[in-house]
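Chains as they are written, first to last, in the working numbering: chain A, 1 to 398; chain B, 1 to 398.
Remember, identical chains collapse to one label, so a pair may be satisfied in a single copy or spanning two.
Calculated cross-link-like contacts (lysine to any residue; reagent style SDA-like; alpha-carbon spacing at most 25 angstroms):
1. 286 x 237
2. 257 x 398
3. 199 x 100
4. 257 x 274
5. 199 x 178
If you're looking for bench data, these hints aren't it; they were derived computationally from the structure. Just so it is clear, the structure is predicted and the values come from calculations on it, not from any experiment.
Protein chains: 2
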Amino acid sequence: MLATLNGASKDAALAAMADALSAATDAVLAANSRDVARARSLGTSEALIDRLALTPARVEGMVEGLRQLRALPDPVGDVIRGWTNANGVRVRQVRVPFGVVGIIYEARPNVTADAAGICLKSGNAALLRGSSSAIDSNLAIVAALADGLQAAGLPAEAVQLVVGDRSVTAELMNARGLVDVLIPRGGAGLINAVVNGSKVPVIETGTGNCHIFVDASADQQIALDILINAKAQRPSVCNAAETLLVHQAIADEFVPKALLALQRAGVTVHGTPDVAAYSPDVVPAKPDEFDAEYLSLDLAAAVVPSVEAAIEHIRLHSTGHSETIITNDQGSANRFTAEVDAAAVLVNASSRFVDGGEFGFGAEIGISTQKLHARGPMGLAEMTSSKYVVVGEGQIRS
Amino acid sequence: MLATLNGASKDAALAAMADALSAATDAVLAANSRDVARARSLGTSEALIDRLALTPARVEGMVEGLRQLRALPDPVGDVIRGWTNANGVRVRQVRVPFGVVGIIYEARPNVTADAAGICLKSGNAALLRGSSSAIDSNLAIVAALADGLQAAGLPAEAVQLVVGDRSVTAELMNARGLVDVLIPRGGAGLINAVVNGSKVPVIETGTGNCHIFVDASADQQIALDILINAKAQRPSVCNAAETLLVHQAIADEFVPKALLALQRAGVTVHGTPDVAAYSPDVVPAKPDEFDAEYLSLDLAAAVVPSVEAAIEHIRLHSTGHSETIITNDQGSANRFTAEVDAAAVLVNASSRFVDGGEFGFGAEIGISTQKLHARGPMGLAEMTSSKYVVVGEGQIRS
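Bound conformation, chain A alone (with noise of 0.2 angstroms):
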């Protein structure tokens, strides 16, 4: 039924969904209290709990979120392509829903708001799998939720929470049939264990150990620029940079100016001897860590002798999110563009732009570095499937 709804009629549902989750700020507010003072008694970290806590603006930010979702183009109906065939049948590619997503997460609420919503624009339906340690959070977002969906005259099953232990994640990732796709939103293990344990078709949001490659031929300038807002501008998201490598004929002249700068903006940096040689507050970097995606104030450094060199190390240790290229050659723009298999290749400018809102999507639902349905930030279109309309006047196969 969602499905066939048109644009106008999913509108008005998430008008009326905001308008009901901003009347329940202090319902809301009160819930999520029971939910921190439980994660304080069990000891969690402020780290974590910093992700669960809302405020006034944080859940004026999940009601803005759903009234800004109102103002996209509908992805459904959209024809992506069509044509007629020689005996005038006309064929028509159409973006229509998935059906049920499933959305499994962490203990951030916000997730809940953000992703109803989503599904709903999209004509999905949600099933949402957040954390316990979110639970009271949840249930009362969702409840606010259904309340604008039922003021809209809409079904309160289209937004679901499925509560319940662990058993109940496993039962939403064997229903092949009735979820029609899986996307785990959190960290490298919730992501790794869904991806492994599902029989529904999952679509991999990423974790992202991004490199900024300094080619012989960069302009400095914009290479510190770059290095200081992938790395500094917000450490704790996925297109931050972790790892940096620098070309060694300029490594005499870059690597102390950048010590210097990501120093400056209270960077740590783990690096090989080579690295380290040129100032005494580089810390070795143990071989994992240019694995490792540290979101933190942390980056991972070396010299390397080529364009080649870059890539291959980037090959060995990509999560394939984000990889940028400073260079003023176009041979190796070229090079690395065609060669480093990611979501995104950049040249010359900040992987923080790799977000559904920089490419104007307008709503994301995460960054997919898998290569299957899609690749790179996850926008509205890309919460949908696509049927073929096929017409004709009776045409027959010969």
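Chain A is already provided as a structure; the job is to place chain B on it using the hints.
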């Protein structure tokens, strides 16, 4: 390395592979006769032996298939979309190969050459896991293709036959990170085993329990023409019709005509009592026959009271392949195409048109009945992923 080959190099390799396979016709036929003799000694049915057996014409068909791939446009490097951000950063989404594609299939040696050619043209390395009953044929075909690859200066490893007992199939299904996608081609048993057992992402190609619903307003001659074409033109394929649903309002007039036409076409009708009432030749349908993919000159048939009832019957029994309505009522057509959830929905046209060749794709690896990545006929474009290439002049995110 395959991923960055230009189109001319791949086309030269396809030509060399075609020449080498043509030159090896005698060796391939000799190897195939060993497979056929072994199958006969094991009591294999003649239907399966017909799939396994090669003739000079069938080998020539494989050669021709490779040559036809040359004429198709290279999907790799196609720009799917692109834009320039307000800050001047250019973003383009470009088609790239998956990387390594595994094909798991049954004892049809022609799939070996077809799949190898499609994978090469789309820039993917092919891991071909054929049936052990076709092992001699497959080894001879792959040896010829390897000769062609090497004559064109490409590594023979671009096309590999995966040989060994069942544990090798399990390894293939567990090779996440090494194999990018698995495509099973064959019967429902094979497909289900791969879908349920694989940690590598799978594209499910399809079983087709395809329905034809003849609405009250249908042009009955068109309905008869399409029914006979969809059922009898080639009953063994997945886009052939398997179930006929007739609107009650025209059953007295249409069902007897349909039964007569089907009988003349050699089709056995398995009907509900209200269909059987029209002719003693109708075989009573067991309830599970409405879930059957006969792939033979058999057809299930029922009378339904309304368009809604037809849609509901299809919802319960469809495999999501191709579903057809014959109608002159625009409202019925719109409702059917909107509400029926399948890779293709057809109005007044034969489901036999749902095919990569008929769609003008030129080559087809299969027809996907899943919703992720590709749905419907899969041509060369569907054998690719994409990457975002982001180019700037030092822009950073504020």
